[in-house]
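Here is what each chain is made of, one letter per residue.
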Amino acid sequence: MIAAIDLKKYFGAVAAVDGVTFTAYDGQVTGLLGPNGAGKTTTLRMLYGVMRPDTGTIEVDHIDATKHPRDAQARLGVLPDVAGLYPRLTAREQVRYYGELHGLAGDELEARTTELLRSLDLMHLVDRRAAGYSHGERTKVAIARALVHEPQNVLLDEPTNGLDVMSTRAVRTIIRRLKSEGRCVLFSSHVMQEVSALCDAIVVIAGGRVVAHGTPDELRARAGYDNLEDAFVALAGVGEPR
Amino acid sequence: MMRPGQLPRWARQVRVVLMKELVDSFRDKRALASILLSILVGPLITGFMMNRIADRQKDADDVRIPIVGAQNAPALVQWLSQQSGVSIATSPSDPEQAVRDQSEYVVLVVPGDYVEDFRSSRPASIKLVADSARADTHGQVERVQRLLAQYSAEIGALRLIGRGVSPAAATPLKVEAVEVSTTQQRAAKLLSVIPLMVLLAAFTGAMQLATDATAGERERGSLEALLANPVPRGALALGKVMASALAGMLAVMVTAGLCTALLRFIPLQELGMRFRFGAPHMVGLMAAALPVCLLTASVQSCVATLAKSFKEAQTYMGILILAPMIIGVMGTLYPIDNQPWMYGVPLLGQYVLLTSVLGGYAPGPFAFLTAAVVCVLSAALLLRATVALLNDERIVFGR
Chain A
1 MIAAIDLKKY FGAVAAVDGV TFTAYDGQVT GLLGPNGAGK TTTLRMLYGV
51 MRPDTGTIEV DHIDATKHPR DAQARLGVLP DVAGLYPRLT AREQVRYYGE
101 LHGLAGDELE ARTTELLRSL DLMHLVDRRA AGYSHGERTK VAIARALVHE
151 PQNVLLDEPT NGLDVMSTRA VRTIIRRLKS EGRCVLFSSH VMQEVSALCD
201 AIVVIAGGRV VAHGTPDELR ARAGYDNLED AFVALAGVGE PR
Chain B
1 MMRPGQLPRW ARQVRVVLMK ELVDSFRDKR ALASILLSIL VGPLITGFMM
51 NRIADRQKDA DDVRIPIVGA QNAPALVQWL SQQSGVSIAT SPSDPEQAVR
101 DQSEYVVLVV PGDYVEDFRS SRPASIKLVA DSARADTHGQ VERVQRLLAQ
151 YSAEIGALRL IGRGVSPAAA TPLKVEAVEV STTQQRAAKL LSVIPLMVLL
201 AAFTGAMQLA TDATAGERER GSLEALLANP VPRGALALGK VMASALAGML
251 AVMVTAGLCT ALLRFIPLQE LGMRFRFGAP HMVGLMAAAL PVCLLTASVQ
301 SCVATLAKSF KEAQTYMGIL ILAPMIIGVM GTLYPIDNQP WMYGVPLLGQ
351 YVLLTSVLGG YAPGPFAFLT AAVVCVLSAA LLLRATVALL NDERIVFGR
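Residue numbers (this note's numbering), protein chains in the order written: chain A, 1 to 242; chain B, 1 to 399.
Everything labelled a hint here was simulated from the structure, so no lab data went into it.
Any given hint could turn out to be false.
Computed Cβ-Cβ distance ranges for the label pairs, DEER-style [as the list claims (entries may be wrong)]:
| no. | chain 1 | residue 1 | chain 2 | residue 2 | range |
| --- | --- | --- | --- | --- | --- |
| 1 | A | ASP121 | B | LEU322 | 45 to 55 Å |
| 2 | A | ASP127 | B | ARG15 | 19 to 29 Å |
| 3 | B | TRP341 | A | ALA111 | 56 to 66 Å |
| 4 | A | ASP127 | B | THR332 | 25 to 35 Å |
| 5 | B | ALA33 | A | THR173 | 36 to 46 Å |
| 6 | B | GLN6 | A | ALA111 | 17 to 27 Å |
| 7 | A | ASP26 | B | GLN6 | 28 to 38 Å |
| 8 | B | ARG9 | A | ASP127 | 28 to 38 Å |
| 9 | B | ALA261 | A | ASP121 | 48 to 58 Å |
| 10 | A | HIS135 | B | MET19 | 23 to 33 Å |
| 11 | B | ALA261 | A | HIS68 | 19 to 29 Å |
| 12 | A | HIS68 | B | MET282 | 46 to 56 Å |
The following residues of chain B were derived to be distant from chain A, with all beta-carbon distances above 10 Å [stated by the list, open to error]:
| no. | residue |
| --- | --- |
| 13 | LYS20 |
| 14 | THR90 |
| 15 | HIS138 |
| 16 | GLN145 |
| 17 | LYS174 |
| 18 | ALA380 |
This one's a predicted model, so the numbers in the text were calculated from it and none came from an experiment.
Idealized CB from N, CA, C, for every residue including glycine.
All chains should be modelled from the sequences, with the hints used to inform the complete structure.
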């Protein structure tokens, strides 16, 4: 479970995140929906501990992440906005590196790595270096290394961005499986179909604030549109004035 | 969590980062090739040059003297041909042209009036055609000049004796050169490029890894994901710095090993040096040079973290490497006499220590310790600065 409580982050005089509050629950997929520049990435960065909020609190499984960032990070699996791999390491080595940083070792780590790469259909990359991977392969390996320590909470920043249909489906399958395992999945997107297809709860962010929060049905009802995309445009205030 | 006899968690993380960086960079074939080249080129050029110097010294003993008008001075020619290593050659038709186009390095010209002047005890002129712009034939030309001066003095002495005067009266001064430097010290002066090579290796060896693990990590977009792991920034920075320090140490050992191996093949005796390099010297070189790798790795990591891009980082690396070069050039131009304070100055201390060790003079363990401690302390400060940079969001996410 991840709770963000009144998070604020300023870059100079600009408020990138201006009071964001929401909770993502275990066994649910929560979508962070918003137009480009709404503050999704900055919010996620604060949640996974690479940016410090100017004010506000973050709780990861009831651990205060602002006070104990390493303990919180140990319970997170993270796919950042830009998730570069090491071009000279193989898929197995990329995953193993993160596992070792999380304190895993030995046969347990090897078994988990193999199991993870097999379940993500990446066995053909196991001993190939990352330099020649396709975009989809890179994303899947980056997801694999984020999951090696079996985190209770998974944060994915625009995981399907720029992926083809097959890779997008693969990522959706991963997200559904994580949910069925009872994990808390929080992912950001600006793509409507993505969110409506996967999410149990949606947090709509615009201008650094949460403008709506609820299930897809609740949001449709609230905005008065049957179509989630219209509802999003209305809620985010990015279309014609309400 | 912690079992007895096990490293604390952060230390294990340092080791994980260290091993990953080493594996990663040893697969970087292009970087390895450039490091190898920069390590090898220095010692090879030095060895080649020293070999040439020694060869030339030997060449100077064997001189070939073409003489124009040899029939004018048969006694001189005969005297010359009796000197060891001297061979008299037939003269080229145009002596000056022959020297100019480098087919001869020296030509003697004996003019027709030599006989007349010589017989009547007037200074008989003789022309020595040489090109002083050619550095590589100085030795031979000097030998010919010495031979002529010797012949001149011998004839002069004979003439004085013939007139009943002691030749000693014509030699008011007798200059005796007293050499105070030991042969090892003189060898060290010639070998003063080796400390520079070793210091440069500490920079070039660590450089590639230091930039790739910091500026490269950020430019590839892998830094953010790495920082999302539950690893203290200090452990990340320490692992990376230690990895590049190890690479620097490897380069230092290879360079020192190569330089000392070359010393065996260079005919130093021909240079009048009896340089004996043994295991204690090698231990001294390592004790002086290895700690400086911690410093070079941490200063390079810190600067590369500060750089906005990989390219900018490489530019800074080029500037950093000027530091040992300046010390090396100053050391060769102006002889540095060891002052105790020098051991407390990073790089200068190592340079002085390395020069001393090669000169066969050991400055004592306190000097080594001082120089090492200064390196470790400044490396620790730079590591803290790097950690502070990694905690700065503007650095991590670009400005």
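Hint-by-hint comparison with the structure:
Separation of ASP121(A) from LEU322(B) is about 52 Å and conforms to the stated range, judged on CB atoms against 45 to 55 Å. Separation of ASP127(A) from ARG15(B) is about 23 Å and conforms to the stated range, judged on CB atoms against 19 to 29 Å. Distance hint check for TRP341(B) and ALA111(A): the Cβ-Cβ separation is about 59 Å, which falls inside the suggested range of 56 to 66 Å. Judged by the Cβ atoms, the range 25 to 35 Å given for ASP127(A) and THR332(B) is violated: they are separated by roughly 51 Å.
With their beta carbons about 43 Å apart, ALA33(B) and THR173(A) fall inside the hinted range of 36 to 46 Å. In this structure the supplied range 17 to 27 Å holds for GLN6(B) paired with ALA111(A), their Cβ-Cβ distance being about 21 Å. Roughly 32 Å separates the CB atoms of ASP26(A) and GLN6(B), a value that falls within the hinted 28 to 38 Å. A beta carbon spacing of about 29 Å between ARG9(B) and ASP127(A) agrees with the range 28 to 38 Å that was offered as a hint.
Between ALA261(B) and ASP121(A) the C-beta distance comes to about 53 Å, which sits within the given range of 48 to 58 Å. Range check, HIS135(A) to MET19(B): Cβ separation about 29 Å, and the 23 to 33 Å hint holds. Against the hinted window of 19 to 29 Å, the Cβ-Cβ separation of ALA261(B) and HIS68(A) comes to about 55 Å, which falls outside the hint. For HIS68(A) and MET282(B), the Cβ-Cβ distance of about 50 Å falls inside the hinted range of 46 to 56 Å, so the restraint holds.
With a cut of 10 Å on Cβ distances, LYS20(B) falls inside the contact zone with chain A, its closest approach being about 5 Å. Distance to chain A confirms THR90(B) as a non-interface residue, since its nearest Cβ pair spans about 66 Å, more than 10 Å. At the 10 Å boundary, the C-beta of HIS138(B) stays outside the reach of chain A, the nearest C-beta of that chain being 52 Å off. Every beta carbon of chain A lies more than 10 Å from that of GLN145(B), the smallest distance being close to 62 Å; the non-interface claim holds.
Under the 10 Å C-beta cut-off, the non-interface status given to LYS174(B) relative to chain A holds; the minimum distance is some 71 Å. The beta carbon of ALA380(B) sits about 22 Å from the closest Cβ of chain A, which is more than 10 Å, so the claim that it is off the interface holds.
Checked against the numbered hints above, the structure breaks hints 4, 11, 13 and satisfies the rest.
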